[in-house]
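Enquirer: Numbering-wise, numbering that gives the first Met the number 0 puts 138 at position 139 of the sequence shown, and it's gapless, one number per residue.
Hints are computed from structural coordinates only; laboratory data are not their basis.
One should not assume that every hint holds.
Capping the alpha-carbon separation at 25 Å, the derived lysine to any residue pairs in SDA-like fashion look like this [unchecked claim]:
(1) K48 - E58
(2) K48 - V131
(3) K86 - V76
(4) K48 - E89
(5) K136 - K81
(6) K136 - P146
(7) K27 - R138
Source: prediction; values computed, not measured.
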Amino acid sequence: MIRRPPRSTPLYSSAASDVYKRQYIHAKNLREVLRQLGVESWVERSRSKGFHVWVFFTEPMRASYVREGLTAACDVVEAPTKEVNPKQTELTDKGWGNGVRLPYAHNRKRGGYNEIDNTDYSFSMVPVTVFVRDAIKTRITPDAWEPVRVRSART
Numbered sequence: 000m001i002r003r004p005p006r007s008t009p010l011y012s013s014a015a016s017d018v019y020k021r022q023y024i025h026a027k028n029l030r031e032v033l034r035q036l037g038v039e040s041w042v043e044r045s046r047s048k049g050f051h052v053w054v055f056f057t058e059p060m061r062a063s064y065v066r067e068g069l070t071a072a073c074d075v076v077e078a079p080t081k082e083v084n085p086k087q088t089e090l091t092d093k094g095w096g097n098g099v100r101l102p103y104a105h106n107r108k109r110g111g112y113n114e115i116d117n118t119d120y121s122f123s124m125v126p127v128t129v130f131v132r133d134a135i136k137t138r139i140t141p142d143a144w145e146p147v148r149v150r151s152a153r154t
């Protein structure tokens with residue numbers, strides 16, 4: 000069982016890996032390794048013509064646990080790790096820290112980016128209501144994330 004961190008530790012309810020322009024194979028491979036580890040993830044086309052791979056959690060977890068797990072999964076499939084969020088694992092006095100726009104955010108362009116791709120990799124877009132329903136239903140518990148995070152010690 001994972002212990003609750005002190006209040007000064009940043010907590011995250013989601014994780015995202017930013018895969019650069021037109022490198023869908025990295026997003027696809029990252030989604031597949033997470034699936035093999037029992038973690039549902041979501042691929043979103045980003046505004047920069049790349050992709051975000053999202054994981055959502057049932058409760059907030061330490062930023063370091065979230066980052067370690069997603070970085071380890073990226074390493075397994077040799078996906079870039081420069082843009083793994085959360086980027087910071089400690090709070091500082093320097094503003095709000097890092098952030099990534101959630102999928103389907105207000106004032107987003109429909110049909111070209113910032114919508115979730117179907118799990119069959121067909122690039123047909125998932126309606127926002129279906130995405131929210133399924134993302135909530137398939138959130139990952141801290142205990143289910145632990146095997147992903149532990150891989151970081153082995154990679």
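Enquirer: Now tell me, hint by hint, if it's right for this structure.
Expert: Here is what the structure says about each hint:
no., hint, result
1, K48 - E58, "30 Å, violated"
2, K48 - V131, "23 Å, holds"
3, K86 - V76, "20 Å, holds"
4, K48 - E89, "30 Å, violated"
5, K136 - K81, "29 Å, violated"
6, K136 - P146, "20 Å, holds"
7, K27 - R138, "19 Å, holds"
Checked against the numbered hints above, the structure breaks hints 1, 4, 5 and satisfies the rest.
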